[in-house]
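> Construct the complete structure from the given sequences, taking the supplied hints into account.
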Amino acid sequence: MKNRLLWPILALIALLLLNLVVTPSFFALRIQDGHLYGGLVDVLKNGAPTLLIAIGMTLVIATRGIDLSVGAVAAIAAAVTCVHIGTSPDVGTALAGMAIALVLCAVLGLWNGFLVAGLGIQPIIATLVLMTAGRGIAMLVTEGQIITVNNDAYRQVGAGFVVLPVSILISLAVLGLVALTTRKTALGMLIEAVGVNPEASRLAGVRSRTIIWTVYVFAAVCAGIAGLMISSNVSAADANSNGLWIEMDAILAVVIGGTSLAGGRYSLTGTLLGSLIIQTLTTTVYTIGVAAEVTLVFKAVVVITVCLIQSPKARAALSFRKVAVS
Amino acid sequence: MTESPPPVVEMRGISLAFPGVKALQDVDFRLFPGEVHALMGENGAGKSTLIKTLTGVHTPDSGSVLLAGESVAFSSPGQAQQAGISTVYQEVNLCANLTVAENILLGREPRKFGGIDFPAMRKRAAEVLARIGVHIDPASVLETHPIAVQQLVAIARAIAVDCRVLVLDEPTSSLDAGEVAELFRIMRVLRDEGVAILFVSHFLDQIYEISDRMTVLRNGTLVGEHLTSELERRELISKMIGRELGTLEAIEDASERHSVSGPVLVRAEGLGRRGAIAPFDLDIRAGEVVGLAGLLGSGRTELARLLFGADRADSGKLIVDGTPLHLRGPRSAIAAGIAFCSEDRKGEGLVADLSIRDNLVLAMQAARGWSRPVSRKVKDSLVEKYLAALDIRPANPDALVRTLSGGNQQKVLLARWLVTEPRLLILDEPTRGIDIGAKAQIQQLVTTLAAEGTAVLFISAELEEVVRIADRIVVLRDRHKIAELDGGSTIDQVVELIAGEPVPEEVAS
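Chains as they are written, first to last, in this note's numbering: chain A, 0 to 325; chain B, 858 to 1366.
Check each hint, because a few of them may be wrong.
[Stated by the list, open to error] Straight-line alpha carbon distances no greater than 30 Å define the calculated DSS-like cross-link-like pairs of lysine-lysine that follow:
no.	chain 1	residue 1	chain 2	residue 2
1	B	969	B	980
2	B	1203	A	312
3	B	1096	A	183
4	A	183	B	969
Hints listed in this document are in silico derivations from the structure and should not be mistaken for laboratory results. Model, not experiment: these values are computed from the prediction.
Given below as structure tokens:
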């Protein structure tokens, strides 16, 4: 277990050190108006939505599934909430809007679960449906406009501070809750059993279908909350860009964290590390001033390196060469 | 059937070892043109390995393969096919979304101007189909045809090239009687054209209907080659399972046999599933060990899966404790106190990447639901109890099950169900592939459980084991329940029933 997390930890430290070299003040924290500011806090704050989605994705992937629709679901949550709030500055309206959005997300999760567990459609295809259709739904809700709101209560979700940014507190709370629920109850073990061997689990009497259904609903609700954070941070819902490609970042975070796409054993700590690596990487691109046109290439190189280091085959090949040279 | 023509295939002294297993030891095999030759043997006897050695999938460690008198060494199935050895496997290995003609000629399509000449391809495919008397449209898509026709298309593909040897590896396992008759008609046509056909099937009736000669293997060694007309069924079976009839009779029944007369725990009335097992009646009493005997493919596992709800029955009903039970799946069977250890430990039994502890409590936990976890204390005491009771090694509850030996994996699977305290325990091949010590422990455990009042349905390919352990033996043949024997019956009696020859006298208890 520890061994599995060793490389992600080293990668994260390396990235942070690189930032420190380029920007000596990167680790500096300062308190202003009771809020904590600094490079590290920025990483946490900006990484919160990805982390949240990656937590849901971890459980989905543990059951041998994948959820490509999370970005679209995030956009729907943002759209529904902002349209509901409209021009109202009320706390109540904001809360109601968010509640409606999250219930809707749960329904969308039920839909994904129905396609996967109910109809037996391959998860990648089943969730692709909502990935493409979801953006259309969000566009429909916003009527193709960018919906801006001016609601202090809503702004707290993505941009607020309680010493630390509220968004990261939410994500960490969900992480803790999931860790507690899956490891203190038998849910984690049953999820892993379904992921490792669905047929054996069925014959042992595990309610595989219900479990798979549940993780898709949970992933969709996580995506919904992430969508609220994203739109709240800028007080606007944009059906086209909210949560765009965030499913890729989330999947990457899970994989970097050491959870196999083949399903089975999962690591929430790994997912946390993976999310931090991805966000630190994005931040690094800005701090060290990588030219805009090579940003994606730079990210790609780092991701490929981390993945190669984790692959036993690649490591074997590398150490073989070292032995051969020496 | 004189032996005048020289054999088209001759394999001499073939030996092949896989890590830890001697798959084939010094096996000789001959195949003559214009004959249907059955390769016989129980599971693991080396039939598939021998076929794969012939078709170039495996390279033998020693020995030689002669094709039409010339020594050959194929390093791939493609080479074997070019030399005229075509193989049709049990499961149809074709592309369902392509047309019949494309499937028949895939990889050797007639060309024209650098593209495929489709009219020529359809014409050629129609010729091949006509040769075996199959009349379907070559331009139709394969998946629109039933599986039996797809099988025939696979044969057409095999004979589309110049084919001297046709290997049919269990082609009939998914066919019904009419379809088998059609397949046999085609086999006879090909045989009369001089093609040598190597045929593998677990259905004895079919073997005796179609084959001219047979070679029997057991545990990777050659038992003998016989003309089908000269080998009686019961002789064949005793050769396959490896006991002379005399010694079979001599085996003494050491364990005490008790006829159980308690109330019926589980009763099946006309329970059946099309294509799996014909409707059967069965009573199982508390404290009784019921043995299921029959050759591979006789419907042993299928029967067990119906009792457990792993597959849904499409006829009949299951009555537990006098109350009809509608099995919607394994969960309802488990709730009724039925447990099932699958013969496929890795695929359907254990969760390889989880620990011994997790595997052990999985069924119990599943029954309780996720929100009511088995407490650490209960888990530990259960794990401690069963690690010791079944002598599971390593006795480390955190060891991943994948790292355990076959015997220990089997014990973990058993323990998983014992934890749930079942009233009926179904054991499908619980002793297969495990060492002799573990085997004895498991047999002992079955006896102990029965003495404590658990009903056990015991399935094993080893008749000796079934006869020794069971209070009553249910005999299956060709997916039908054909008889019930009382405890104390001899292996001979079971063998005769399996062989399908009339039993000399009604078995008295």
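> Next, verify each hint and record whether it holds.
Status of each hint after checking the structure:
1. About 14 Å separates the Cα atoms of residue 969(B) and residue 980(B), which keeps this hinted pair within 30 Å; it holds.
2. A threshold of 30 Å between alpha carbons decides the hint, and for residue 1203(B) with residue 312(A) the separation of about 25 Å falls inside it, so the pair holds.
3. The straight-line distance between the Cα atoms of residue 1096(B) and residue 183(A) is roughly 56 Å, outside the 30 Å bound, and the hint therefore fails.
4. Our distance criterion of 30 Å between C-alpha atoms is broken by residue 183(A) and residue 969(B), whose separation comes to about 68 Å.
Of the numbered hints given earlier, the model fails hints 3, 4; all others are met.
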